[in-house]
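S.K.: Protein sequence lines, in the order shown, are assigned to chains E and S. UniProt numbering numbers the first residue of the first sequence as 1 and each following residue consecutively. UniProt numbering numbers the first residue of the second sequence as 1 and each following residue consecutively.
Hints are computed from structural coordinates only; laboratory data are not their basis. Careful: at least some of the hints might be erroneous.
Unchecked claim - Here are the computed lysine to aspartate or glutamate pairs in the DMTMM-like style, where the Cα-Cα straight-line distance is at most 20 Å:
(1) E/2 to S/549
(2) S/166 to S/144
(3) E/2 to S/11
(4) E/88 to E/8
(5) E/2 to S/631
(6) E/88 to E/174
(7) E/88 to S/630
(8) E/2 to S/16
(9) E/88 to S/631
(10) E/2 to S/538
(11) S/504 to S/431
(12) E/88 to E/164
(13) S/166 to S/78
(14) E/88 to E/34
Residues per chain are reported as follows:
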Amino acid sequence: MKARIVADLSELPISGPRGSSPTWWGNLAFMLIEGTGFALAVAVYLYLATVVATWPPAPPPELAAGSGVALVLLLSLIPNFLLSRWAKAQDLRRVRLGLLVMIGVNVLPLALRVLEFGAFHVRWDESAYGSIVWVLLGLHTTHLLADLVETMVLAVLMFTRHADNPRRYGDVEDEVAYWYFIVATWMPVYACLYWVPRL
Amino acid sequence: MSAQPRDTGLDGAALDAALASVWSARPGLLGWFTTVDHKAIGRRYIATAFLFLALGGVLALLMRWQLAQPEGRLLGPDRFNQIFTMHGATMMFLFAVPVMEAVGVYLVPLMVGTRNIAFPRLNAFSYWVYLFGGALLWIAFLLDMGPDVGWFAYVPLSGPQYAPGKRADIWAQMITFTEIAALAVAVEIVVTVFKQRAPGMSLDRMPLFVWAMLVTSFVVILAMPAVVLASTALILDRLVGTQFFNPAAGGDVLLWQHLFWFFGHPEVYIIFIPAVGMVSTILSTFCRRPIFGYTAMVLALVSIGLLAFGLWVHHMFTTGLPRLGESFFTASSMAIAVPSGLQIFCWLATLWGARPRMAVPMLYVLAFLFTFVLGGMTGVMVASVPLDTQLHDSYFVVAHFHYVLIGGAVFPLLGAIHYWFPKLSGRMMSERLGRWAWGLVFGGFNLVFFPMHILGLWGMPRRVYTYQPELPWAGLNLFSSLSAALLALGFLLFFWNAWRSARKGEMAGPDPWGAPTLEWATASPPPPWNFSRIPVVESVSPLWDAPGELKVATGLRLDRRELVLTSVMAAEPEARDSSPQDSIWPFLAAIVTSVMLIWSIFSPWAVVWGSIPVVAALILWFWPRGTPEDES
Numbered sequence: 001m002k003a004r005i006v007a008d009l010s011e012l013p014i015s016g017p018r019g020s021s022p023t024w025w026g027n028l029a030f031m032l033i034e035g036t037g038f039a040l041a042v043a044v045y046l047y048l049a050t051v052v053a054t055w056p057p058a059p060p061p062e063l064a065a066g067s068g069v070a071l072v073l074l075l076s077l078i079p080n081f082l083l084s085r086w087a088k089a090q091d092l093r094r095v096r097l098g099l100l101v102m103i104g105v106n107v108l109p110l111a112l113r114v115l116e117f118g119a120f121h122v123r124w125d126e127s128a129y130g131s132i133v134w135v136l137l138g139l140h141t142t143h144l145l146a147d148l149v150e151t152m153v154l155a156v157l158m159f160t161r162h163a164d165n166p167r168r169y170g171d172v173e174d175e176v177a178y179w180y181f182i183v184a185t186w187m188p189v190y191a192c193l194y195w196v197p198r199l
Numbered sequence: 001m002s003a004q005p006r007d008t009g010l011d012g013a014a015l016d017a018a019l020a021s022v023w024s025a026r027p028g029l030l031g032w033f034t035t036v037d038h039k040a041i042g043r044r045y046i047a048t049a050f051l052f053l054a055l056g057g058v059l060a061l062l063m064r065w066q067l068a069q070p071e072g073r074l075l076g077p078d079r080f081n082q083i084f085t086m087h088g089a090t091m092m093f094l095f096a097v098p099v100m101e102a103v104g105v106y107l108v109p110l111m112v113g114t115r116n117i118a119f120p121r122l123n124a125f126s127y128w129v130y131l132f133g134g135a136l137l138w139i140a141f142l143l144d145m146g147p148d149v150g151w152f153a154y155v156p157l158s159g160p161q162y163a164p165g166k167r168a169d170i171w172a173q174m175i176t177f178t179e180i181a182a183l184a185v186a187v188e189i190v191v192t193v194f195k196q197r198a199p200g201m202s203l204d205r206m207p208l209f210v211w212a213m214l215v216t217s218f219v220v221i222l223a224m225p226a227v228v229l230a231s232t233a234l235i236l237d238r239l240v241g242t243q244f245f246n247p248a249a250g251g252d253v254l255l256w257q258h259l260f261w262f263f264g265h266p267e268v269y270i271i272f273i274p275a276v277g278m279v280s281t282i283l284s285t286f287c288r289r290p291i292f293g294y295t296a297m298v299l300a301l302v303s304i305g306l307l308a309f310g311l312w313v314h315h316m317f318t319t320g321l322p323r324l325g326e327s328f329f330t331a332s333s334m335a336i337a338v339p340s341g342l343q344i345f346c347w348l349a350t351l352w353g354a355r356p357r358m359a360v361p362m363l364y365v366l367a368f369l370f371t372f373v374l375g376g377m378t379g380v381m382v383a384s385v386p387l388d389t390q391l392h393d394s395y396f397v398v399a400h401f402h403y404v405l406i407g408g409a410v411f412p413l414l415g416a417i418h419y420w421f422p423k424l425s426g427r428m429m430s431e432r433l434g435r436w437a438w439g440l441v442f443g444g445f446n447l448v449f450f451p452m453h454i455l456g457l458w459g460m461p462r463r464v465y466t467y468q469p470e471l472p473w474a475g476l477n478l479f480s481s482l483s484a485a486l487l488a489l490g491f492l493l494f495f496w497n498a499w500r501s502a503r504k505g506e507m508a509g510p511d512p513w514g515a516p517t518l519e520w521a522t523a524s525p526p527p528p529w530n531f532s533r534i535p536v537v538e539s540v541s542p543l544w545d546a547p548g549e550l551k552v553a554t555g556l557r558l559d560r561r562e563l564v565l566t567s568v569m570a571a572e573p574e575a576r577d578s579s580p581q582d583s584i585w586p587f588l589a590a591i592v593t594s595v596m597l598i599w600s601i602f603s604p605w606a607v608v609w610g611s612i613p614v615v616a617a618l619i620l621w622f623w624p625r626g627t628p629e630d631e632s
């Protein structure tokens with residue numbers, strides 16, 4: 001087959017805007033998968049609430065720890081937003097700082113989460129209520145842990161020779177987006193776990 | 001920057017030599033384990049899936065042997081339970097879904113005119129995870145640890161009380177393996193289709209098979225989390241004593257059925273939608289005209305994908321759900337016949353007066369039309385609650401879903417293998433052997449499964465390992481079992497044809513069928529870089545626009561694996577991005593992931609300790625190496 005050249009792409013940039021990068025879209029697709037998982041787990045919670053006479057079968061959860069996590073996550077949006085701006089500006093010094101701050105921000109809800117498991121006064125093997133509470137908390141905790149590891153790896157990476165590269169700043173922006181996702185998923189889970197029992 | 005070599009001005013052998021130096025896999029065994037070429041992975045995926053088809057087929061033959069006469073003694077009840085479970089699980093999770101995705105892995109990048117799939121390392125990882133998950137299931141079966149709870153593993157039968165031992169856990173963890181693999185491929189296909197289409201290939205110029213794979217991938221993404229959640233809850237109930245499915249502790253057994261079928265029904269469409277993409281592709285080529293009603297076909301695909309999520313309760317009509325709910329799901333089950341019917345009319349309109357070329361792929365399309373319409377009709381029948389209550393768990397249902405799945409998906413797949421075999425291997429499959437195999441498969445299939453409708457109406461239940469001589473079922477069962485030999489012979493001939501043709505078949509050349517889509521614009525099989533220059537597209541049938549000529553773009557780098565990113569809607573060029581190099585880490589990451597998953601069948605601590613090597617492998621996988629691919 002004879003090739004007829006009709007376009008010259010040599011002037012195209014070698015990385016486009018964020019929305020054109022495959023990793024940005026891949027990140028979004030994985031959020032869709034995990035978001036579906038969260039939505040289904042909340043649906044299971046609500047379904048189980050309909051099959052027993054009294055819900056919850058244990059005392060309603062204490063609000064302090066879970067609300068603390070919600071508050072910390074909401075406040076974390078500020079440094080997260082700043083980090084995304086610094087990454088867009090490709091400001092290496094500030095990006096390093098922002099990642100270190102985000103590691104700290106990430107550890108805080110994890111510490112509170114330990115208290116949360118106790119706040120429900122129910123073990124996972126006592127009742128289906130206990131099971132779904134632990135699974136919902138566990139699912140979100142897994143996301144927090146995974147994100148902590150990712151942020152730490154990125155932070156280390158930004159102190160190496162590979163740091164000053166638009167691709168890395170893109171990675172940081174993807175990480176910022178993922179943190180938004182983790183904050184966003186906690187809100188319905190928090191409402192479900194702490195406020196549905198009080199309805 | 002100016003020192004970077006470009007393809008501008010280079011031609012023919014010099015261009016290909018430069019591309020080969022960056023795109024070729026390493027020679028030898030190491031290359032085999034490290035390659036991230038979507039064609040190598042796709043071929044492997046297809047071959048492995050067909051191996052599982054053969055294994056699942058052997059199990060089917062064993063069941064037919066056992067049921068050929070009353071009080072058969074080939075298999076005992078325990079072995080029979082394992083065998084029907086293994087047959088269903090193998091066919092659904094290890095053959096049907098993976099093979100459709102595998103064909104997508106091989107063809108989608110070629111059809112959209114790019115050089116590799118998006119996230120090619122994830123693609124390699126996906127294959128290995130799938131292979132290890134399949135091996136887990138089959139090794140367990142050979143050790144008499146095969147699951148025996150049906151491919152749907154209903155609780156309480158699969159729960160801790162009624163299924164001691166590890167058989168049900170093997171099933172549940174096989175789910176995890178195959179879902180990881182399937183979800184990974186779905187993400188790759190979505191991103192490949194969104195971002196890597198050839199310049200000019202706007203959404204309304206996308207081949208229908210690519211549309212089908214895009215819709216399928218979204219169905220995978222939205223459906224599979226349900227079964228992952230279900231199987232995880234089952235493992236937790238069995239391993240650490242959670243109470244999800246225990247009514248005595250506030251759990252619910254129907255919760256399992258809801259979660260399973262919220263995935264399980266879309267699963268049917270995950271298998272069926274790619275198949276209709278194959279049918280449209282083959283029909284268009286062999287009728288030598290664009291498919292009738294392209295926009296209607298796309299809308300039908302999308303609406304089938306959406307409606308697939310509104311049908312799951314029709315698998316649960318006999319569980320005593322509220323009447324109103326049942327009526328809703330009856331209506332939605334009948335509603336999906338509308339877009340399906342629309343497609344059939346578009347195919348008939350394409351065929352109208354076309355004088356199609358009756359080669360083997362086209363014969364399979366005709367077999368599909370005939371068989372699938374029959375399966376669709378019985379589907380409309382069992383969508384009605386009163387009739388379903390009568391026929392539920394009878395052989396009528398076995399007949400129905402084999403008509404839908406084999407007629408609706410396996411026939412198009414066999415046609416697709418014949419059609420794209422030249423692109424896979426460079427050679428044509430034998431037409432003569434292909435016709436014999438087609439006749440035996442099509443005829444054999446109908447002779448095996450049609451009598452099962454009648455057996456079901458006569459009251460024969462599913463999943464029985466034997467039946468008494470007083471019952472009136474012996475004659476039709478014997479007929480069905482004898483016919484199974486014909487069907488098996490047909491498949492054997494198909495396999496023999498593929499094996500022989502891959503070695504001695506007639507050389508195909510780039511475009512043996514005179515087809516319109518981009519995969520035929522490159523050599524058969526394509527080189528590792530797919531296209532020496534990225535094609536530029538101006539219609540839905542680019543190869544029919546100006547025969548013998550391909551519009552292309554120039555200006556890409558030759559010192560790294562480079563491809564073109566384009567905008568989602570109009571496919572306007574946005575950037576020249578790199579595609580990752582080969583790597584051993586996907587393979588190693590799959591090994592440590594498998595260790596963690598299998599270990600976690602036995603101890604919950606496996607998740608804690610087993611995840612450490614997984615994290616380490618992922619870090620090493622993603623750590624930049626300072627190659628030209630990392631530049632931006």
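S.K.: Could you run down the list of hints and mark each one as holding or not?
M.R.: Taking the hints in turn, this is what the structure says about them:
| no. | hint | result |
| --- | --- | --- |
| 1 | E/2 to S/549 | holds, 5 Å |
| 2 | S/166 to S/144 | holds, 11 Å |
| 3 | E/2 to S/11 | holds, 11 Å |
| 4 | E/88 to E/8 | violated, 29 Å |
| 5 | E/2 to S/631 | violated, 33 Å |
| 6 | E/88 to E/174 | holds, 11 Å |
| 7 | E/88 to S/630 | holds, 18 Å |
| 8 | E/2 to S/16 | holds, 15 Å |
| 9 | E/88 to S/631 | holds, 17 Å |
| 10 | E/2 to S/538 | holds, 16 Å |
| 11 | S/504 to S/431 | holds, 13 Å |
| 12 | E/88 to E/164 | holds, 12 Å |
| 13 | S/166 to S/78 | holds, 15 Å |
| 14 | E/88 to E/34 | violated, 26 Å |
When the structure is compared with the earlier hints, violations turn up for hints 4, 5 and 14 and for no others.
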